[in-house]
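K.L.:
Line by line, the protein sequences are chains U and P.
FYI, the numbering for the first sequence is 1 to 83, going by the numbering used here.
FYI, the numbering for the second sequence is 1 to 83, going by the numbering used here.
Derived by calculation from the structure, the hints in this document are not laboratory data.
Note that the structure is a prediction, hence the values are computed from the model and not measured.
Heads up, a few of these hints could be off.
Only some residues are given here: those of chain U computed to face chain P with a beta carbon under 7 Å [claimed, not checked]: (1) Val10; (2) Lys13; (3) Pro19; (4) Glu20; (5) Glu29; (6) Ser40; (7) Ala41; (8) Arg82.
Simulated DEER-style distance windows between Cβ atoms [claimed, not checked]: (9) P:Arg30 x U:Arg26: 25 to 31 Å; (10) P:Asp18 x U:Asp34: 17 to 23 Å; (11) U:Thr54 x P:Glu29: 18 to 24 Å.
Simulated crosslink set (SDA-like; lysine to any residue; CA at most 25 Å straight-line) [stated by the list, open to error]: (12) P:Lys25 x U:Glu36; (13) U:Lys25 x U:Thr5; (14) U:Lys13 x U:Asp37; (15) P:Lys13 x U:Thr9; (16) U:Lys25 x P:Leu12; (17) U:Lys13 x U:Met1; (18) P:Lys13 x U:Lys13; (19) P:Lys13 x U:Arg14; (20) P:Lys25 x U:Asp37; (21) U:Lys25 x U:Arg66; (22) P:Lys13 x P:Arg58; (23) P:Lys25 x U:Glu53; (24) U:Lys25 x U:Arg14; (25) P:Lys25 x P:Thr5; (26) P:Lys13 x U:Thr72.
Note that beta-carbon positions come from the ideal geometry of N, C-alpha and C, so glycine has one too.
There are 2 protein chains.
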Amino acid sequence: MAAYTAIVTVRLKRGVLDPEAETTKRALERLEFDLEDLRSADRFEIDLDADSETAAERRADEMAQRLLANPTIHDYEVEVVRR
Amino acid sequence: MAAYTAIVTVRLKRGVLDPEAETTKRALERLEFDLEDLRSADRFEIDLDADSETAAERRADEMAQRLLANPTIHDYEVEVVRR
Numbered sequence: 001m002a003a004y005t006a007i008v009t010v011r012l013k014r015g016v017l018d019p020e021a022e023t024t025k026r027a028l029e030r031l032e033f034d035l036e037d038l039r040s041a042d043r044f045e046i047d048l049d050a051d052s053e054t055a056a057e058r059r060a061d062e063m064a065q066r067l068l069a070n071p072t073i074h075d076y077e078v079e080v081v082r083r
Numbered sequence: 001m002a003a004y005t006a007i008v009t010v011r012l013k014r015g016v017l018d019p020e021a022e023t024t025k026r027a028l029e030r031l032e033f034d035l036e037d038l039r040s041a042d043r044f045e046i047d048l049d050a051d052s053e054t055a056a057e058r059r060a061d062e063m064a065q066r067l068l069a070n071p072t073i074h075d076y077e078v079e080v081v082r083r
């Protein structure tokens with residue numbers, strides 16, 4: 001067993017409205033910042049023990065599918081690093 | 001001018017309670033996942049045009065300080081990539 005951190009990034013799929021990101025973008029523009037676009041995402045950093053990096057990645061992927069992401073509106077990606 | 005994406009990751013400072021992360025951790029445990037810890041963070045992906053990578057990073061850093069992060073409770077980091 002080794003110690004890993006799985007980073008799961010959950011984003012809205014392209015085409016799904018993101019009013020929070022739109023509000024943040026407008027607030028930055030009101031502060032006179034120049035920007036082309038702003039997207040927001042949720043990032044989960046999950047510490048877990050697993051037999052291998054592959055096993056850690058598989059478990060984090062299952063966590064994303066079962067709880068962290070909603071497949072109707074979200075895409076997600078998983079990255080695993082040693083801790 | 002070149003096109004960059006600045007990725008701003010905003011985390012709660014160590015010691016600041018994160019009830020949402022705690023709830024997510026417990027929900028995963030109820031689904032019988034094994035995990036040691038879970039932290040959540042907000043990730044902003046900001047497309048902007050700037051004269052250099054340094055200028056893009058400086059602007060994103062200012063956005064974090066003025067709006068995206070609350071210095072009392074948050075740490076943040078900025079990463080800039082060409083788009």
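K.L.:
A separate judgement is required for each hint: does it hold in the structure or not?
P.N.:
Hints versus structure:
| no. | hint | verdict |
| --- | --- | --- |
| 1 | Val10 | 9 Å, violated |
| 2 | Lys13 | 14 Å, violated |
| 3 | Pro19 | 15 Å, violated |
| 4 | Glu20 | 10 Å, violated |
| 5 | Glu29 | 11 Å, violated |
| 6 | Ser40 | 6 Å, holds |
| 7 | Ala41 | 4 Å, holds |
| 8 | Arg82 | 14 Å, violated |
| 9 | P:Arg30 x U:Arg26: 25 to 31 Å | 39 Å, violated |
| 10 | P:Asp18 x U:Asp34: 17 to 23 Å | 33 Å, violated |
| 11 | U:Thr54 x P:Glu29: 18 to 24 Å | 22 Å, holds |
| 12 | P:Lys25 x U:Glu36 | 35 Å, violated |
| 13 | U:Lys25 x U:Thr5 | 31 Å, violated |
| 14 | U:Lys13 x U:Asp37 | 15 Å, holds |
| 15 | P:Lys13 x U:Thr9 | 19 Å, holds |
| 16 | U:Lys25 x P:Leu12 | 21 Å, holds |
| 17 | U:Lys13 x U:Met1 | 35 Å, violated |
| 18 | P:Lys13 x U:Lys13 | 29 Å, violated |
| 19 | P:Lys13 x U:Arg14 | 31 Å, violated |
| 20 | P:Lys25 x U:Asp37 | 32 Å, violated |
| 21 | U:Lys25 x U:Arg66 | 31 Å, violated |
| 22 | P:Lys13 x P:Arg58 | 22 Å, holds |
| 23 | P:Lys25 x U:Glu53 | 20 Å, holds |
| 24 | U:Lys25 x U:Arg14 | 17 Å, holds |
| 25 | P:Lys25 x P:Thr5 | 31 Å, violated |
| 26 | P:Lys13 x U:Thr72 | 32 Å, violated |
Checked against the numbered hints given earlier, this structure breaks hints 1, 2, 3, 4, 5, 8, 9, 10, 12, 13, 17, 18, 19, 20, 21, 25, 26; the rest are met.
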